[in-house]
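Participant: With the hints as your guide, set chain B onto chain A.
Below, each chain spelled out in residue letters.
2 protein chains.
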Amino acid sequence: MPKTGKILMAHGSGGQLSHDLVEQVFLKHFHNPTLANLDDAAVLPYFANDSRFALTTDSYVIHPLFFPGGDIGKLAVCGTVNDLSMRGARPLYLTAGFILEEGLPLEDLERIVTSMAATARAAGIQVVAGDTKVVERGNADGLFINTAGVGLVPDGVNISGADAQAGDVVIVSGTIGDHGMTIMSQREGLSFNTPLVSDCAPLNGLVAALLEASSAVHCLRDPTRGGLATVLNELARRSRVGIEIKETHIPVRSAVQGLCELLGLDPLYVANEGKLVVVVAEKDAKEVLAAMRTHEYGTDAAVIGRIVLAHPGRVVLRTALGTCRIVDMLVGEQLPRIC
Amino acid sequence: MPKTGKILMAHGSGGQLSHDLVEQVFLKHFHNPTLANLDDAAVLPYFANDSRFALTTDSYVIHPLFFPGGDIGKLAVCGTVNDLSMRGARPLYLTAGFILEEGLPLEDLERIVTSMAATARAAGIQVVAGDTKVVERGNADGLFINTAGVGLVPDGVNISGADAQAGDVVIVSGTIGDHGMTIMSQREGLSFNTPLVSDCAPLNGLVAALLEASSAVHCLRDPTRGGLATVLNELARRSRVGIEIKETHIPVRSAVQGLCELLGLDPLYVANEGKLVVVVAEKDAKEVLAAMRTHEYGTDAAVIGRIVLAHPGRVVLRTALGTCRIVDMLVGEQLPRIC
Chain A
1 MPKTGKILMA HGSGGQLSHD LVEQVFLKHF HNPTLANLDD AAVLPYFAND SRFALTTDSY
61 VIHPLFFPGG DIGKLAVCGT VNDLSMRGAR PLYLTAGFIL EEGLPLEDLE RIVTSMAATA
121 RAAGIQVVAG DTKVVERGNA DGLFINTAGV GLVPDGVNIS GADAQAGDVV IVSGTIGDHG
181 MTIMSQREGL SFNTPLVSDC APLNGLVAAL LEASSAVHCL RDPTRGGLAT VLNELARRSR
241 VGIEIKETHI PVRSAVQGLC ELLGLDPLYV ANEGKLVVVV AEKDAKEVLA AMRTHEYGTD
301 AAVIGRIVLA HPGRVVLRTA LGTCRIVDML VGEQLPRIC
Chain B
340 MPKTGKILMA HGSGGQLSHD LVEQVFLKHF HNPTLANLDD AAVLPYFAND SRFALTTDSY
400 VIHPLFFPGG DIGKLAVCGT VNDLSMRGAR PLYLTAGFIL EEGLPLEDLE RIVTSMAATA
460 RAAGIQVVAG DTKVVERGNA DGLFINTAGV GLVPDGVNIS GADAQAGDVV IVSGTIGDHG
520 MTIMSQREGL SFNTPLVSDC APLNGLVAAL LEASSAVHCL RDPTRGGLAT VLNELARRSR
580 VGIEIKETHI PVRSAVQGLC ELLGLDPLYV ANEGKLVVVV AEKDAKEVLA AMRTHEYGTD
640 AAVIGRIVLA HPGRVVLRTA LGTCRIVDML VGEQLPRIC
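Line by line, the protein sequences give chains A and B. Residue 1 is where the first sequence starts when you use the working numbering, and the numbers rise one by one after that. Residue 340 is where the second sequence starts when you use the working numbering, and the numbers rise one by one after that.
Chain A extracted, bound-state conformation (with noise of 0.2 Å):
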């Protein structure tokens, strides 16, 4: 297939242009026998040792397409790998169903489909089952990418966003707003000394260094859209506990909070792609932390705040200025697409 060509609806019809393009781009990529059957299903088979297994779902629409950082390919393989870390599951296989928009350069969907296998290879995950459709010119934005995943949740581990208890130790595995200020900045064409990069990264490494340490993890969760506020949000609600947390102890880049004050953004609602939220019992928190620190994507991982029994559903920050208040989730929409 020329690089140079396009995508035109025919490479939709499931006839001889979709297998063209499945053999050439995709198996190409994600070879592997169980995608090169092209069956209507994979099968696969189950490991004896685990009694239950993750499922999650993405579809991803960033714009643009390519960014510092990443693209949307690695960003739907990321997304979908740090979904099922974040219910401590170890990810195993990947779905992905492409919309193509016609006209598409075959160059671009090749670019983004090597970027998605060599972030599969680098989390160890399989992608064994996909689906290409193509939508008329106009009717799409280039293209939509849909990734569902499958992990296995290993015995004795069990994380959920209900299980924060009054006294834990609330910690991010590094500085929040870089991804979401990135999409920004290349969207309205800033420039800096310091150049914004998103975080985009597979967290399921991070999350088996984090579970290696203690047992007494109890919720873990990934600040993407709606950043950090509305996962803390999120996880007070659903725990009926409260949070507390200091601003002074947010890591938050100098460019990322930068552009967020000549923006009038909160970086705290700004959306990450490669950070976590880690809530421990007490007792572990400081090996936790230790664990963390020694990993590539926690090196500034830092205590942020404590789970607590009053204001019960609510998110109280401490202010640099030694004030409090309440931080709600995000309300309206701050950065469309950013992911």
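Derived by calculation from the structure, the hints in this document are not laboratory data. Hints should not be assumed to be uniformly reliable.
Which stretches of chain A does chain B cover? Using the computed rule of at least three CB atoms under 8 Å from a CB of chain B, they are [claimed, not checked]: (1) 79-86; (2) 94-103; (3) 189-197.
Think about it this way: if two alpha-carbon atoms lie no more than 25 Å apart in a straight line, the pair counts; the simulated SDA-like pairs of lysine to any residue are [as the list claims (entries may be wrong)]: (4) B:367 - A:6; (5) A:28 - B:652; (6) B:367 - A:313; (7) A:28 - B:499; (8) A:6 - B:480; (9) B:585 - B:530; (10) B:345 - A:331; (11) A:246 - B:355; (12) B:345 - A:6; (13) B:367 - A:237.
Counterexamples of contact, computed for chain A against chain B with all Cβ distances above 10 Å [said to hold, decoys possible]: (14) 15; (15) 89; (16) 115; (17) 186; (18) 213; (19) 244; (20) 282; (21) 312; (22) 324; (23) 336.
Please read all numbers here as calculations on a predicted model, not as lab measurements. Ideal Cβ placement from N, Cα and C applies to all residues, glycine included.
Facilitator: For chain B alone, kept in the frame of chain A given last:
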């Protein structure tokens, strides 16, 4: 949420309006404890008596969203249930990813979600994970849905497109072309004395019935995009066998045949959404056919041909006139956005 409302960009923010949409539309209709947890991934139990699972995905971009016999929601459940069924898997769990266009009437979304929930109940499966994205007006066409599905493959069941053997009998479960020509007639605003209705249906019950009747079912495929001709070509190529079919044995409704002739289309290439092709050992063909005919989605099942040693990889049609012609895979695009 008022039914007269429309989708706003903020419904995709991940914040408060996203949560409202999830609770007031998705959880309302897909109510089950797993989904209600609103965690990043669903955690599900294994079933002890099976050792393999099936995984598949499809995106749905059909236009129009509503049509006689179904809608994009029903189609999105049936299509993925059917893909799992074609491996002999018992479908259990579905994920649903929605890409909504800003301005989509909430009433349309709720009608579609209601239809998905009803179809899921009819098929005996649960929607356990989901995701919603919103793109600006003009960047999608109403809505697109992705579903991924997980099913269990009973021990001893081994069905794949590579297992057709010379001497096997080819059965189709009913009339072909109903879905494709229904969509075509809707788009073109054509009406007929006998109204066309899509065959959109979940086939897991039919598959269970035919697998009960025989342990010598070698292949199952649902002839969706690309139609019966494309599916037979896939089986011939994968199994390295020839296939011979008889034109007069292939069931086609007269309204479908008539519209195909009017538009210069061949029903062999027209999409179906509630039909399947069975390749079964000759010794069990009679029992399988009988079992299919007693099922609501197999009343018009018919033997249409045979697997042969001659012309491996090729499908040959014996016409009503007694001549033979090679039936190739669909080349080009016949009916875009048929599913």
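Participant: Does each hint hold? Answer for all of them.
Facilitator: Hints, verified against the model:
no., hint, in the structure
1, 79-86, "holds (count 4)"
2, 94-103, "holds (count 5)"
3, 189-197, "violated (count 0)"
4, B:367 - A:6, "violated, 42 Å"
5, A:28 - B:652, "holds, 22 Å"
6, B:367 - A:313, "holds, 22 Å"
7, A:28 - B:499, "holds, 22 Å"
8, A:6 - B:480, "holds, 21 Å"
9, B:585 - B:530, "violated, 30 Å"
10, B:345 - A:331, "holds, 17 Å"
11, A:246 - B:355, "holds, 23 Å"
12, B:345 - A:6, "violated, 34 Å"
13, B:367 - A:237, "holds, 19 Å"
14, 15, "violated, 3 Å"
15, 89, "violated, 6 Å"
16, 115, "holds, 19 Å"
17, 186, "holds, 17 Å"
18, 213, "holds, 21 Å"
19, 244, "holds, 21 Å"
20, 282, "holds, 23 Å"
21, 312, "holds, 17 Å"
22, 324, "holds, 22 Å"
23, 336, "violated, 5 Å"
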